[in-house]
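Following the hints, position chain U against chain F.
Chains F and U are the protein sequences, given in the same order.
Here the first sequence stands for residues 1 to 463, numbered as in full-length UniProt numbering.
Here the second sequence stands for residues 1 to 463, numbered as in full-length UniProt numbering.
Keep in mind that a hint or two might mislead.
[Unchecked claim] Covered stretches of chain U, as calculated for chain F (at least 3 residues, CB under 8 Å):
| hint | stretch |
| --- | --- |
| 1 | 4-14 |
| 2 | 75-82 |
| 3 | 352-363 |
Treat the hints as calculated values from the structure; they're not laboratory data.
From the three backbone atoms N, C-alpha and C, an ideal C-beta is built for every residue, glycine too.
2 protein chains.
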Amino acid sequence: MPPKPLDYESINENVKKAQYAVRGELYLRASELQTEGKKIIFTNVGNPHALGQKPLTFPRQVVALCQAPFLLDDPNAGLLFPADAIARAKHYLSLTSGGLGAYSDSRGLPGIRKEVAEFIHRRDGYPSDPELIYLTDGASKGVMQILNTIIGGPGDGILVPVPQYPLYSATIALLGGSLVPYYLEETANWGLDTTELRRSVAQARSKGINVKAMVIINPGNPTGQCLSEANVRDILRFCYEENLVVLGDEVYQQNIYQDERPFVSAKKVLMDLGEPLSKEVQLISFHTVSKGYWGECGQRGGYFEMTNIPPETVDEIYKIASIALSPNVSAQIFMGLMVNPPKPGDISYDQYFSESQGILQSLRRRARIMTDGFNSCKNVVCNFTEGAMYSFPQIRLPPRAIEVAKQAGKVPDVFYCLKLLEATGISTVPGSGFGQKEGYILFHLFSDGYPLFYTFFYAIHKQ
Amino acid sequence: MPPKPLDYESINENVKKAQYAVRGELYLRASELQTEGKKIIFTNVGNPHALGQKPLTFPRQVVALCQAPFLLDDPNAGLLFPADAIARAKHYLSLTSGGLGAYSDSRGLPGIRKEVAEFIHRRDGYPSDPELIYLTDGASKGVMQILNTIIGGPGDGILVPVPQYPLYSATIALLGGSLVPYYLEETANWGLDTTELRRSVAQARSKGINVKAMVIINPGNPTGQCLSEANVRDILRFCYEENLVVLGDEVYQQNIYQDERPFVSAKKVLMDLGEPLSKEVQLISFHTVSKGYWGECGQRGGYFEMTNIPPETVDEIYKIASIALSPNVSAQIFMGLMVNPPKPGDISYDQYFSESQGILQSLRRRARIMTDGFNSCKNVVCNFTEGAMYSFPQIRLPPRAIEVAKQAGKVPDVFYCLKLLEATGISTVPGSGFGQKEGYILFHLFSDGYPLFYTFFYAIHKQ
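One chain only, chain F, in its complex shape (with noise of 0.2 Å):
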């Protein structure tokens, strides 16, 4: 009998090719323990109200009123909803057309397309256009409908960080591209280095490689470092000189934890650098409302700015985002309140300001002691968390360790994290998952939570 279609044999190549560590087989493992009843803290994503994390009492006011529009007539809707929420609620209202249950224009709603331009404008000085900004339902769905757009076949290459987040080698296997990696420097603060990026197109070249866009990840992630700068221009600089376009992945513009490098937009620098790069490189630049100290994952909340990109391309862009009709209309109220948030004189400014420097302040604070808890441990070093969510340590593991991972037929560090999740119920990503350099005896581990900080300590001293 032949295989059918949706037999293992039969199905996408790709679809087998691509691998997804953060939720991978250290997640089905835990989610299998779960089942059992075994408590587990998940932190192999950034998913804040999943660790506790309480949501923005503002903007879920504003988006409950818009869930529930008859509420706005109900003269008992000031006993549960303050005024400003109410008026915004209607405002947004009045920029769909019907409501949260209708769509909306495949690239978004105008009116939150032209708040998000503002909100870029006021944030690099430099003039946004609503056009040339798309709303999806979150940065991962944006990054791929733009790899999408990119990759024609197995001959195109996209420059990606390694450690990096895996969407982006998932989807490039899933479209059938080629990653053509760039190591960042652990040892420089995970620094990236012109040198190794010119040294890794060399090489993806030589293969016969179309090396066609380069991502870049700041705040990094898994890394953490924020780019200065003066980096992000030599970057701008290599992509004009290579002919790449630029992917700006800056959904963590909001997690910043020391002062000396503030964020700075890639879109920023680009305009800073002035003609003709500012007219010539190709930029798309990634948001979302699933981080900073919103941390609405589960909303589906992002959108995607396009820089010196051609109108038949923008136009090809906006078809293909039609197919599934329109990004969740509730998320874009979200990304809406985000780049507008209450100002000082509303009412709900002094709530909305102390909830979110709150989150801000303790991300801060546990950058902090995370790091130095990490530092102060044998065999155990990890660069400062300068930005983003996330604690990347290197772990130093005996030769016994390694020989025991190896007889029990796995990489070290996923031997190591089942190990950790075992004993603990502490869900991590081995650096594996991110492409870390291979041949290190040593490995990752990844977490983003002050409360797992001792549970995970002891872990790992017992092992």
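Frame of chain F, contents of chain U only:
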């Protein structure tokens, strides 16, 4: 200067090839006119809330409370929300790990997948396994994911009905597969004939295409027919003989406007057929919160159920779903509510019942009025809209109109629809966008609203 990677000539050729008429030239022109201040009635896509349909109250109350969980403990909540909505919100929040702001499992919340399985069991009389139900951001995303799993290259073919909803043709083009058309017979009430299926498969195979799957849209989009049980049985037998996966697009299963042929799912018919078919035929069934009497398009909620798909493939589909982390959680809750609405005796039952029946009866009336209206016109014929949300009349154009269209360089039906748009503000989709047979001196229009009916006919008489 060489082209840049996101210049039109450089991008993925499959992106350029994909056509999506529902939001194509007509829609773009309608959007332009709207920007210029003209009142446009968008009937190009089934988007009931945009045409004034009110959302059902109970589900909106529940989701609003889930967005604002701090209200659940507010003593005033009872002034705005009935007790059963409050209880249900607590229930759904208990199924999440961190509320609507936390990513769920990439397959959707286990508790809601269980409710979907129970619904399918009640509907079909056969048990359904929650592990084989994946929640998605609308049915379209599910269809795209499954087609991506099936299509590995240009030799992989998918049988698609013509006229068809262009999600299928667009996605197949984007994935670089081959669309294998089978024609629905307008004179037999858009019926589906296995002789035609065999012809189509044989022809494709003679061209070297490996036909792997067959799409059935039931009730039909845009054709509105409801398949008889006998017809579905024939199709399943055909797919068994030809080793085809069945993709059952059943998003209009609540939208039935006659009593002779109630909706019967492909899953039930398959199980009724017994072995070997019930154990052999691979079937994926799709459903959504966007249609029915819900019409919650903008929420982007859906699911697919997998039947006879081996576990290795189910795991691969899970892995790919993981790349985008999770479907939006609030739409998952809408799906839970849709499959598990208020029951007789619940506080909100009477309101829910009267609202949902009101919408359904209104759609039923409109289906009749639309069809009768079309058929009362000269040179217009239209099959009765038995289900779904669209009328698809055939309009015979005079030879001179066709001549004028050709002189303007337009396909006649596109030309007519553009004229209709300019004259009346009604945005429709020409039949050629659905791949309707060529060589006809006729075309099809697409509409889903009673309120449009008279305007619409006025336009036709004016032409």
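A quick look at each hint next to the structure:
1. 4-14: holds (count 10)
2. 75-82: holds (count 4)
3. 352-363: Violated - the stretch 352-363 of chain U has 0 residues with a Cβ nearer than 8 Å to chain F, which falls short of three.
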